[in-house]
Amino acid sequence: MTVSYTAEVATCKGFGCFLKLLFRWRGSIYKLVWPDLFLFLGTYFSLSILYRFFLNEEQQLVFAQIVRYCEKYGNLIPVSFVLGFYVSIVVGRWWDQYKSIPWPDSIAVFVSANIQGQEEKGRVMRRTIMRYCCLSLTMAFTLISPRVKKRFPTLDHLIEAGLLLENEKEIIEELNRMVPGYSKQWLPVVWAASIVTRARKEGKIRDDFAVKTILDELNKFRSGCGILISYDWISVPLVYTQVVTLAVYSFFLSCVMGRQWVKPDSTAGGNHEVDLVFPIFTTLQFFFYMGWLKVAESLVNPFGDDDDDFELNWMVDRNLQVSYLIVDEMHNNHPELLKDQYWD
Amino acid sequence: MTVSYTAEVATCKGFGCFLKLLFRWRGSIYKLVWPDLFLFLGTYFSLSILYRFFLNEEQQLVFAQIVRYCEKYGNLIPVSFVLGFYVSIVVGRWWDQYKSIPWPDSIAVFVSANIQGQEEKGRVMRRTIMRYCCLSLTMAFTLISPRVKKRFPTLDHLIEAGLLLENEKEIIEELNRMVPGYSKQWLPVVWAASIVTRARKEGKIRDDFAVKTILDELNKFRSGCGILISYDWISVPLVYTQVVTLAVYSFFLSCVMGRQWVKPDSTAGGNHEVDLVFPIFTTLQFFFYMGWLKVAESLVNPFGDDDDDFELNWMVDRNLQVSYLIVDEMHNNHPELLKDQYWD
Amino acid sequence: MTVSYTAEVATCKGFGCFLKLLFRWRGSIYKLVWPDLFLFLGTYFSLSILYRFFLNEEQQLVFAQIVRYCEKYGNLIPVSFVLGFYVSIVVGRWWDQYKSIPWPDSIAVFVSANIQGQEEKGRVMRRTIMRYCCLSLTMAFTLISPRVKKRFPTLDHLIEAGLLLENEKEIIEELNRMVPGYSKQWLPVVWAASIVTRARKEGKIRDDFAVKTILDELNKFRSGCGILISYDWISVPLVYTQVVTLAVYSFFLSCVMGRQWVKPDSTAGGNHEVDLVFPIFTTLQFFFYMGWLKVAESLVNPFGDDDDDFELNWMVDRNLQVSYLIVDEMHNNHPELLKDQYWD
Amino acid sequence: MTVSYTAEVATCKGFGCFLKLLFRWRGSIYKLVWPDLFLFLGTYFSLSILYRFFLNEEQQLVFAQIVRYCEKYGNLIPVSFVLGFYVSIVVGRWWDQYKSIPWPDSIAVFVSANIQGQEEKGRVMRRTIMRYCCLSLTMAFTLISPRVKKRFPTLDHLIEAGLLLENEKEIIEELNRMVPGYSKQWLPVVWAASIVTRARKEGKIRDDFAVKTILDELNKFRSGCGILISYDWISVPLVYTQVVTLAVYSFFLSCVMGRQWVKPDSTAGGNHEVDLVFPIFTTLQFFFYMGWLKVAESLVNPFGDDDDDFELNWMVDRNLQVSYLIVDEMHNNHPELLKDQYWD
Amino acid sequence: MTVSYTAEVATCKGFGCFLKLLFRWRGSIYKLVWPDLFLFLGTYFSLSILYRFFLNEEQQLVFAQIVRYCEKYGNLIPVSFVLGFYVSIVVGRWWDQYKSIPWPDSIAVFVSANIQGQEEKGRVMRRTIMRYCCLSLTMAFTLISPRVKKRFPTLDHLIEAGLLLENEKEIIEELNRMVPGYSKQWLPVVWAASIVTRARKEGKIRDDFAVKTILDELNKFRSGCGILISYDWISVPLVYTQVVTLAVYSFFLSCVMGRQWVKPDSTAGGNHEVDLVFPIFTTLQFFFYMGWLKVAESLVNPFGDDDDDFELNWMVDRNLQVSYLIVDEMHNNHPELLKDQYWD
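Chains as they are written, first to last, in our numbering: chain A, 1 to 344; chain B, 1 to 344; chain C, 1 to 344; chain D, 1 to 344; chain E, 1 to 344.
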């Protein structure tokens, strides 16, 4: 369920349009951050209570020293830097992944324009090519998205959804036995290419150009699926992710001690910091540092169940319906040609 | 109403050309920032008056402590970092969106060069293909831009504007009943492709090349429209926007207290800061941090009503007029071939 | 007049090659920055003299307080951040604009290879197509560059330069009356496409491939011109430019006070800063912050009169001469085929 | 052995999905950093013991001065900046390299669709073209990857693997004698192009289009191999790598002294820092600065033996098997055409 | 002489692979930085000796004040920022330039596959087209690289190298007289295009496709050469380079004074900094700031004599040899077609 808010920020008026975005729950920072914040504040107040009510004076002095130690070194952690560079990379990959998702519309237009015939043979050919494209993309989706995998756990579920036929399933299973271990999401595209060749031989396609055009589009489609799988296979290097996670968590580890209020130090003059009890700015810092990390967490795999993830299941349905619409219902069927309003 | 100022900065002379840009109102930082600034300064001076005239000495001491607390932690907020990385992403998407807007000129040139005939049939075909392209783009615009939506709230308004005919509207509505729920902005492009196929069959197009060329261009056009809708659908993740907004607003929350003038602290020697009454530098900081955020706010959806947004309504008109000009008035019609000035 | 210095930095030896670049005037930081620096130092020394010779002790104390206030808050302005991100965007656009400038050489090669005939008709066709390309680019240049506009303020100046003929001018003017308000720089490209179609009909071009190839190139050329105009029309958002300008100027506003030498503060021990009279490091800072801003100012519109701007007028001449050379003088005219030195 | 963890971070729930990534060993920061950390802590504790137990009071004072000196200047080293920019470049190159790896699938689809015939001649042609592609890629891999080089140290090992035949090896060796010194990974692609030309002459390919299509794909494949070798040949400039390495190591050189606990300085009041014995925050800093550097180290050559490197040997096997599957087993062999589930 | 070290960093083991890179001389930071370092340390120690042995107490006090002044303002210079952004741009351009270098291999494959005939005429045509490509690239190289210019100072040297024939030289010189002032590196490509047209007319090329394919490749090659020249002509704006250079040199100007050891200030308590005599951390800082600048210096023109520059002379030789190998020795000549090892 993608969170779209573009319409709400179309125009920037009054106090600005971003302000109202702060009062949303779905896909929001609060929804993602609250468990961590809860844990953080819990620890913070436990330590605070310990200091105020249970420690004797000497222990309080040691506590205060540790607080100062944590504060001093905590501020040396370059959280914003590490996060800035890391999130740039993750956001770049996230959008690249979206752009890599292939849509069958182009193929549908070419197939509809080039494969002739309203009789059964022509229709079956057109529909089957489109079905194979949708099948290929769906198979790729099951490999990368737990959500689509849950919907189509086996080939039989693809049959039920009308994407696969019984005889095709048998061939896939046979090839899986012959050459095991490699993903086979490209299989249906190869079949589609065979149908195109056959359509040319049988004269359903009238020129070699059209063959080349459709084959080119099929290859682009197949390579789009391949790129999606590559993004899944080659993650952002684990080390980088760990570095960032470590930086953020160590920062808040230092904050949970270092931001404690302690009694002013009598030896250093004038150090009488106010005791606000609730660490208001540390909480705000928690929101945006941890929120920034959550941006990365929810974008690093955009095919999951996060509020911000792409709606692959919706795409599966849309692709099949729109493909059939273009190559069958609308095939060579355009509105009557009439003079337009500005004619001479 | 795009704000163009490139002509004014063509040459960088004297004190530089950016200085004079500071004295503009349309599309300016002042126009965007003033309500926030007004609120900020109002709060600031209320607190200032409270401190100076209404608090007793003891309360003033507490106030001063809170001021120092806010100042210390406010400076820890990495506003410029978060803004720098976020605005980079937003500006990148903004320009990508502009580049994604398809223009029908290429199609017009190909259609004009390849679809023959000055008699009515040929002219209707050429004009209709171009009308369908413009219609497709306009339908995409209504999906992403509130301004274009306001101009064409229903299909009937498209008919009035001469972009759609009555019989076409009926087909669209029928297909909307058959396959509801998916946007149909690609429909006219599919019709245009059908007309191209028919023109080939009827001999208006003489070779298969031309068919392929026009179909390729139509597909590029359709995919341009699709990309525009994608940018609208997949916003910059909400969490990221919230993180940035939170950072900026918490910074100014800390400033509204932390930048207050307080009586010098007698215990710490030499701390006699001047009392300027008006927080000149904080106001400047407000201008560029808040202005920086407003850059993001007005670019995150460039299809709205902001001064800096793209002029989609102008494009709608321009595209139809220029398309008709190329494929009809200028069709296969070039100036007489004469020897040029440098001949031999 | 582009400033090329690549040859001077080919090899990095001794004390490095960048050092000698510091002693150049054309296109240099000094040339761009000196008026601002003059004003800055003037103000600085006026204030300095005021403090040293005209203020009494009490006034000096207030002055010193303001100095300390300015210094403290001036350092909070994130000039280098804002500039770093902004200049990245501007430099990116600058180079993209250069890359978008279309060159007619490809079209010339295709036209020369595919349009046959040394007799007058063939020659006129080849030359006219190339002239139309150059004309189209020049018309685009007049829209974006004040320098080219100054050279060709009206269509008559284009006739004088041999880029336009009298009869073509009349057609352009008529179309301008029919469809006013839109730029017409694409008109000549449409004419060129018409000539290509006609050449095919008259058998000057022997195959449909060649037609497609040339039309494709013409379209690329036209879209290159269109992109140039887009860059001119859609500037970097004004708000962003204002944010950066404000940041830099407020920084130096704070420096002109905050970097003043003031008498040591007797209450704070050990604060006896040396009085150098001339603010050497502030001047250096002025050079690179203001210089950095000037980088942006001179790149934001690379079609003006700055030392670093692209030499469009040179391109106009070069394109026409080289085009004619390729399609006419060198047409189908290559050196005799001889065995090369390594034959067998 | 690529480390994929995308599936584990599909959804960001509870305390976030990155937290559990911290407890992995393969490809982890701990595995990469522990030898350095061991050395660092060893030196740190040696110095600590020296200070506490072996130095007399006067020596301790000097030690403390050096500690303060190191701490002061150590913090001036901009490690996070240098690392941020450097790692951005390295990560960019790393992903570009992955994207440059050519896959033979497209060629297989085109070869299968366009080269006719189930008899021996057709099959040999199709299989040989694919074998040459795989051979070319494998030869490129041996040039850039020590792991693939170890598997195929000589041409004979390629013969054993079925990628090369005896007669082909002789030709390669002869050409190596004729034109020594240049890598020959493009040779098999040139042979494949020759087979395509011959297949056209012998009528196995029926149209010139198909020839062009396959040749284009072969060229893309060859240039992909060439780009891989370029990335290997033109490393990130050594100076840049050295700058980054120096920055990180000097930072930790300063830390090993500068983070030592020393007795409070009696002259400066109130400096009683707590003595934690174990430098907890310095160790954390070590983890993420050194880990960040290791990100660069393991990505700078993604064809080695690191946990995060690409699995080239797996690709070599997969490519040959899948290629043969597409052009031979599945050649023109698609499931029977049946009506799908949604057929009217 | 490119410095390749990728093989050495294939695997990151033990203390990491970057550590050993620190002990290299060719292309290293030490080789580039030592003259500057020598000068810097010389000045540093001169000043140090002056302070310790020649100044009287009062002069020492002034010296100390200047030291403190320099140290305070020196740290305000944002060297790492400016360098980070600038080097990003330079590294981007450096790699783009490498990618722009055209390789004749694609053209060779197409020419070999499409231009028929083993008799003299066919061979001369194929060889001449390739020679013209290599000639064009070499002429472009002489314009941008002092090293290639030194090898081919005149056209006669190109004749000697077998890239040019006497009669061709005359034509070039005549055209140079006719249209002086523009670079002519595209001339040979135009000739090559003429040969292709002629080969089609004489039936050496059998279809119009092949003509288009080769012409397209020739145009890509020509435009690659053009881009190389553009990068040379349009340098990174001089102002930007000067800004960066000024920043680095002013930083070290401030360091040479500001990092001097001075006697502790008796009025400020506890300031007894250790006197290390040798400024170890300043030297390290010098290494990586100056080294970072040298990265830019050696990459800003990658066609010079630096250790890291591209080996253009090697490319000139390689291109001609490999081109002749593909179009002549290997023309249409592939190993006998045999069944492979996995045949059924």
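Check before you lean on any hint, since a few could be wrong.
Any copy will do: because identical chains look the same in the list, a pair fits if it lies in one copy or spans two.
Below 25 Å or equal to it, Euclidean Cα-Cα: the simulated SDA-like pairs (lysine to any residue) are [said to hold, decoys possible]:
no.: 1; residue 1: Lys263; residue 2: Ile171
no.: 2; residue 1: Lys339; residue 2: Glu174
no.: 3; residue 1: Lys263; residue 2: Asp275
no.: 4; residue 1: Lys150; residue 2: Ile227
no.: 5; residue 1: Lys20; residue 2: Val274
Simulated from the structure, these hints should not be mistaken for laboratory data. Here the structure is a predicted model, which means the values were calculated and not measured.
So, going through the hints one by one against the coordinates:
1. Taking CA atoms no more than 25 Å apart as the test, lysine 263 paired with isoleucine 171 passes in neither setting, with 77 Å inside one copy and 78 Å between copies.
2. Proximity of lysine 339 and glutamate 174 under a CA criterion of 25 Å is satisfied inter-copy only: 22 Å between copies versus 57 Å inside one chain copy.
3. In this homomeric assembly, lysine 263 and aspartate 275 come within 25 Å of each other (Cα to Cα) both inside a single copy, at 9 Å, and across copies, at 20 Å.
4. In this homomeric assembly, lysine 150 and isoleucine 227 come within 25 Å of each other (Cα to Cα) only inside a single copy, at 22 Å, whereas the closest approach across copies is 29 Å.
5. Within a single copy, lysine 20 and valine 274 get their C-alpha atoms no closer than 32 Å, and across copies no closer than 38 Å, so neither meets the 25 Å cut-off.
In the structure shown, a violation is registered for the earlier hints numbered 1 and 5, in ascending order.
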